[in-house]
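S.K.: Just so we're aligned, residue 1 is where the sequence shown starts under full-length UniProt numbering, counting upward by one.
Hint data in this document are derived by calculation from the structure and do not stem from the laboratory. Since we're looking at a predicted model, the values are computed, not measured. Errors might be hidden in some of the hints.
Below 27 angstroms or equal to it, Euclidean Cα-Cα: the simulated DSSO-like pairs (lysine-lysine) are [unchecked claim]:
1. 138 - 101
2. 236 - 50
3. 158 - 101
4. 184 - 6
5. 138 - 236
6. 177 - 138
7. 233 - 184
8. 11 - 236
9. 138 - 158
10. 138 - 50
11. 158 - 184
12. 158 - 11
13. 6 - 177
14. 158 - 177
15. 236 - 6
16. 233 - 11
17. 11 - 138
18. 236 - 184
19. 50 - 233
20. 50 - 101
21. 184 - 11
22. 177 - 11
23. 233 - 6
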Amino acid sequence: MSSQQKLSSFKAIGFDVMGTLLDERVGIYEAFSPIHQYLQSSQTADTVQKGYNEALSYHMRNSPPGTSYQNIMIQAHRQVSEELSHGQYVPSREESLAFSKALAEWPAWWDTVQALQTLAEGSKLVLVSNMDTEVLEKIVSTGALREVRFAALIGSDKSRAFKPDQQVNQTLLDTVKNDFGISKDQVLLVAQGTGSDHIPARDMGIASAWIDRYDQGQDVLEELGLEPAWTFKSLKELVEERGRTEDR
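Take these sequences, add in the hints, and give me the full structure.
M.R.: Here's what the structure looks like:
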């Protein structure tokens with residue numbers, strides 16, 4: 001779906017990180033390497049990613065208020081390791097802690113860095129994540145996004161909420177308004193996550209672009225009643241479309 005507003009008109013762009021900028025599936029699968037030997041032949045990287053995300057969502061919903069994202073990751077890692085190994089592998093707390101810290105080392109998608117560098121030439125880029133801001137700082141200083149200039153980093157410790165809570169996006173809006181004088185109609189949210197990112201964006205009237213990194217297709221959007229202003233297979237496509245609107 002296209003929008004009357006030009007992509008080139010947005011002065012601030014908020015980005016989901018995992019799945020959108022970093023290859024979450026590869027990162028999760030590699031981080032769960034100790035349980036690979038216990039997986040059945042029908043269980044793939046997609047199986048591990050889905051199981052982990054379901055466990056993560058459960059613990060985000062059910063953990064006491066104020067629980068850090070790192071501790072939630074530790075709980076999810078332990079749960080999934082036990083479930084997928086059928087109880088044959090129980091990670092130590094140190095192993096689960098190492099898993100949570102490894103987020104900062106997960107790989108970027110092939111087009112992420114160049115696309116972000118191009119977008120940064122005309123817009124303020126903001127990372128909006130459930131992760132702790134400390135991890136985001138590592139990703140942009142020594143991790144896969146170290147060659148990109150970001151205007152702000154918003155972790156769950158700053159928003160005091162987890163997606164899909166609208167407070168996360170509200171923190172994005174407040175940050176760009178207070179720091180740069182940018183209003184909501186000049187903000188674009190770019191994300192791979194549908195329920196976590198695009199549903200709250202829709203409900204808050206924030207323009208959004210869906211990056212369908214894992215080839216989920218339009219059926220997913222229809223099932224959720226979502227109509228993002230733009231849909232792309234990659235960030236490269238978004239940058240190319242933005243360039244075309246600048247020339248019109």
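S.K.: May I ask which of the numbered hints given earlier this structure violates, with the numbers listed in increasing order?
M.R.: Structure breaks no hint.
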